[in-house]
Amino acid sequence: MPTVDVDPDELRELTGHEEKSDDELIDDLFGLGLEFEGRTEEGTFELEFAPDRLDRLSVEGVARSLRYQYGDARGVSVPSTNSPEWTIEVDESVPDERPYVTGAVIRGVDLDEDALDSLIQLQEKLHATMGRQRAKGAIGIHDLTMLKGRDALRASDRSSGDEPRDGPATEGEPTIRYVGVDPDGDRFVPLDSDQEMTPAEVLENHQTGEKYADLVRDYDRYPAIYDDLGLFSFPPVINGRRTEVSTDSRELFVEMTGTDQWTIDKMLNVVCYALAARGATIEEVTVEYPDEELVRPDLSTKTKTVSHDRVETILGIDLDPEEVVDLAERAGLEATAGENEAGEVVYEVTIPPYRVDVLHAVDVIDDLGRAYGFNELEPKYPDVGTVGGRHERSRLEDAARNLLVGLGFEDLLNFHMISEAENYERLDLEAGDDAYGAGEPATIKEPYSEDYTMLRTWVLPSLLMVLENNTHRAYPQNLAEIGFAAHVDESENTKVAERRSVGAVLAHHDAAYEDARASLQALARNFDVDLETSATDHPTFIDGRTAAVVIDGEEVGVIGEVHPKVLVEHDLEVPVAAFEFDLEALR
Amino acid sequence: MQLPHAQAAVVETASADEAQSVDDLAAATDLPPETVTGAAFELEEKGLVAVDEHVDETTVLTDEGREYVDDGLPEVRLYEAAVAAGADDDPAPMGQVIGASDLEGPQVDIALSNYARKGYGAIESGEITADPDADPDADPEAEALVALAESDDASGLGDDVVDQLERRDLVERRETTVREVVVTERGVTELMAGIETAETVGQVTPELLTSGEWEDVEFAEYNVEADAERVDGGKVHILRQTAERVKDVLVGMGFQEMEGPHVDADFWINDCLFMPQDHPARTHWDRFALENPTEIDHLPADLVERVERAHREGVGEDGEGYHSPWDEDFARALALRGHTTSLSARYLSGEEIGELEPPQRFFSVEKVYRNDTLDPTHLLEFFQIEGWVMAEDLSVRDLMGTFEEFYAQFGITDIEFKPHYNPYTEPSFELFGTHPTTGELVEIGNSGIFRPEMLEPLGVDCDVMAWGLALERLLMLMYGFEDIRDIHGTLCDLQLLRDTEVTY
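Those sequence lines, one after another, are chains A and B. First residue of the first sequence? That's 1 in this note's numbering, and the numbers climb one at a time after it. First residue of the second sequence? That's 1 in this note's numbering, and the numbers climb one at a time after it.
To be clear, the hints were calculated from the coordinates, so they are not data collected in a lab. Just so you know, nobody snuck in bad clues.
Below, simulated DSS-like cross-link-like pairs (lysine-lysine); rule was C-alpha separation at most 30 Å, straight line:
id	chain 1	residue 1	chain 2	residue 2
1	A	LYS495	A	LYS445
2	B	LYS418	A	LYS20
3	B	LYS418	A	LYS380
4	B	LYS418	A	LYS302
5	A	LYS211	A	LYS445
When you get a sec, could you build the whole thing from the sequences and use the hints?
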């Protein structure tokens with residue numbers, strides 16, 4: 001689970017509750033669903049957050065939620081904004097893969113160390129969550145005073161070599177331009193560097209560039225943002241050093257680029273709310289697409305219609321409409337009670353612009369429940385009658401397992417994933433051989449561990465591994481497993497034939513074919529099926545002591561004495577007799 | 001009359017006139033004393049002898065006490081060495097005297113601590129003096145030791161002296177029960193009539209039983225207290241036993257078992273659960289995508305369309321979808337299921353066993369696969385307990401009540417519900433319970449009411465609440481295992497499996 005670091009002193013200051021002790025704060029935070037995980041070296045709280053309330057990724061958002069919880073704030077609050085002065089002009093050269101941009105100007109911000117740290121953390125956490133590691137949305141925050149926007153350069157013209165043309169930006173309006181550039185089409189000094197580099201060089205030679213190189217490597221043109229002085233940001237990879245934000249910055253330009261307008265607009269709202277909570281003024285920015293003009297940030301609210309009946313049903317309690325309205329306000333929402341066409345009570349619920357998680361009326365009901373306190377609700381057993389029962393396959397499996405245990409076998413439970421070496425090679429098999437257990441493997445893509453690269457095609461390899469790992473334990477070791485096995489089968493809908501396989505090994509100083517045959521007979525007899533064992537060859541077993549297991553006329557498995565080369569391969573110094581067959585044959 | 005060998009020997013050897021101790025009888029009959037005791041009590045029950053019991057106190061020398069009888073008490077030896085060194089006139093150096101005394105190791109300390117106590121002299125500044133008037137030959141402790149070496153009866157000796165010897169671990173007082181046997185009148189009568197010794201046999205045989213001989217034979221005694229050779233037999237795997245128990249509980253609560261593919265399309269594993277395709281859990285590092293085969297053959301086209309619409313537009317009049325890409329190819333991609341909620345989706349859709357009418361309860365206890373780091377509490381594959389209830393109008397209170405009943409069956413009580421977030425449930429709760437032995441609050445599961453964006457495309461128009469829990473977690477909680485790898489998988493320790501307590 002992701003965590004967010006929150007300084008308890010800042011929390012006290014921003015909530016206006018200087019009297020709260022750390023322990024009280026921890027309790028209050030748990031009530032919000034933010035679990036205290038520990039402290040950082042600097043003594044700030046590490047809080048675990050569920051990835052729905054992305055507006056709580058910084059101390060400002062956590063403080064806002066606490067203020068609602070304490071009753072210090074009610075309803076929906078939207079910060080006021082000033083009219084746009086700046087324009088982001090989106091050039092047609094912008095890469096198709098990353099066409100969207102948004103932004104806001106922030107004025108009069110007081111960035112002390114704590115506030116700057118919090119802003120940086122918020123940016124990182126938004127990148128990690130909504131931004132999908134910057135793939136979907138990337139944030140750039142700049143010192144506005146370092147930007148010169150009166151006469152933005154036609155960057156795309158420079159990179160593409162086209163004739164200069166008139167842009168939509170009019171003289172006198174400060175403008176920055178979102179464009180696409182050739183990977184080596186221009187140079188700038190990135191953050192944490194003092195060298196001029198082209199975007200392509202950043203991907204090769206800069207630490208941050210290397211980390212995010214995969215996001216843009218396949219693009220023909222790289223995303224870039226220009227002001228009058230030139231390239232100052234290379235989203236989603238890195239900003240230029242010229243506009244770096246410091247504790248001296250008082251005016252900021254926030255830009256976000258991405259693959260989805262809604263996503264970056266919402267990320268922008270979360271950042272604007274956090275800065276407004278620190279007393280900053282939000283100023284709108286005009287975003288000029290070739291065919292459309294937007295004014296951002298979009299701090300409009302939306303509404304959801306919630307039926308009173310659903311609120312009562314889901315929470316399992318009776319409520320007055322006034323109580324519902326009150327709960328909504330305590331949750332940072334606003335609800336107006338009314339009636340629908342059927343004459344039922346419904347609420348129009350206003351959702352503030354920083355919320356990214358409210359998709360449906362049920363999300364509002366969850367908020368109402370949290371405001372009410374879910375732990376205040378009395379559990380009750382649902383008054384619903386149903387008849388229980390086991391699946392036939394699971395009953396069959398149990399019946400066969402009980403017989404094996406009664407015959408003295410230790411029941412085992414092994415992993416379904418295995419490696420090719422264990423499944424085939426160490427048993428002297430090859431995938432695709434015409435031998436029991438040699439079916440084509442269902443393989444894992446880019447496996448994490450070389451020990452687990454496929455699903456086992458039979459269980460005998462697992463049983464031999466257990467014998468191998470327990471040679472220091474007392475014999476006899478008679479082991480059995482009724483377990484999952486699978487192989488590729490194009491005739492199946494999932495292209496994989498999955499089955500339960502009955503595998504058994506008998507390992508002791510005089511274990512022989514006959515012992516395995518006796519146990520197999522006992523199983524067959526108890527399930528009243530006809531058993532034959534017809535001589536066959538199988539690379540895992542000794543020639544002349546191997547047979548196909550034929551049940552009710554169908555070949556369903558193999559039985560024999562394990563070949564010495566397989567025993568030696570598994571460091572075994574006792575004979576092993578074994579059998580394996582499909583559980584279905586006993587049905 | 002016929003009596004078993006030991007009883008016959010005892011009654012014949014004992015006297016009617018004079019009580020004889022068990023030890024004497026044992027010596028006379030050549031039987032072990034415990035056999036004689038057993039026989040005597042059985043004879044007493046038959047009225048042939050009387051057994052009198054009394055407690056005797058004896059005082060016997062310890063090994064150390066016996067040593068001092070031979071060598072002399074250490075303090076006496078020290079005194080003698082001191083006198084030999086002339087310490088009865090002038091103080092003599094300690095080292096020299098001790099060397100001459102032949103005292104070694106702990107005996108030196110014993111000698112020194114008793115020397116002054118008994119007034120043999122003084123020890124000061126590394127020098128030793130000996131009192132010329134002391135008389136070690138009359139040392140009462142030494143005399144008592146000699147007396148006790150000859151007889152274990154301390155009654156003629158002073159209690160103080162014996163107490164002191166006991167404190168010095170030179171003697172030990174013992175209480176022994178002495179049993180004495182005397183033949184009763186009835187015994188005499190039976191003896192006169194003649195006592196025969198019954199035959200003993202090793203084993204019950206068919207001949208013995210059919211001939212009726214068993215009535216007259218005595219069975220040779222075994223050492224019934226000794227351990228027999230170990231047998232292990234077979235046993236159902238401990239994790240399987242736990243799974244069986246969970247299944248029993250759920251069946252008892254009215255749940256039916258589900259069954260379905262381990263390798264499944266991402267559509268059933270994630271898309272049907274309203275998991276956005278760019279959700280972090282759907283990226284490579286969490287899931288086991290298949291390299292071969294890669295894609296499911298068939299998905300129900302109308303369901304795919306409804307699911308895609310829910311992802312893009314949400315459901316309901318003012319519902320919203322995700323602002324995430326949705327691609328049918330990704331939905332068709334095969335992977336090892338990361339949860340058995342894929343089975344729930346299949347059953348709820350009606351594709352598995354036909355359309356379901358409420359009310360319904362379903363469960364499974366089956367393997368799921370997570371691309372996680374292997375450690376003592378995490379495996380790449382583990383069992384998930386999945387359960388859901390479908391009914392008209394279910395509330396979070398019903399959900400809470402169901403879990404309380406379920407977990408109470410495993411001794412986990414005081415369930416707490418922490419509001420939580422899942423993409424496919426709302427409201428959602430993490431469940432915390434109190435550990436039955438440690439009393440800690442531990443996370444035991446995840447739960448919620450399925451979202452309309454999941455249920456509507458599946459064609460379900462009532463409420464469904466669901467929960468999931470790792471079976472291994474329950475096992476570890478119930479039985480206190482610390483490393484799950486000892487139990488589950490090919491690294492398992494057979495001895496641990498053989499020795500593990502069964503569950504019920």
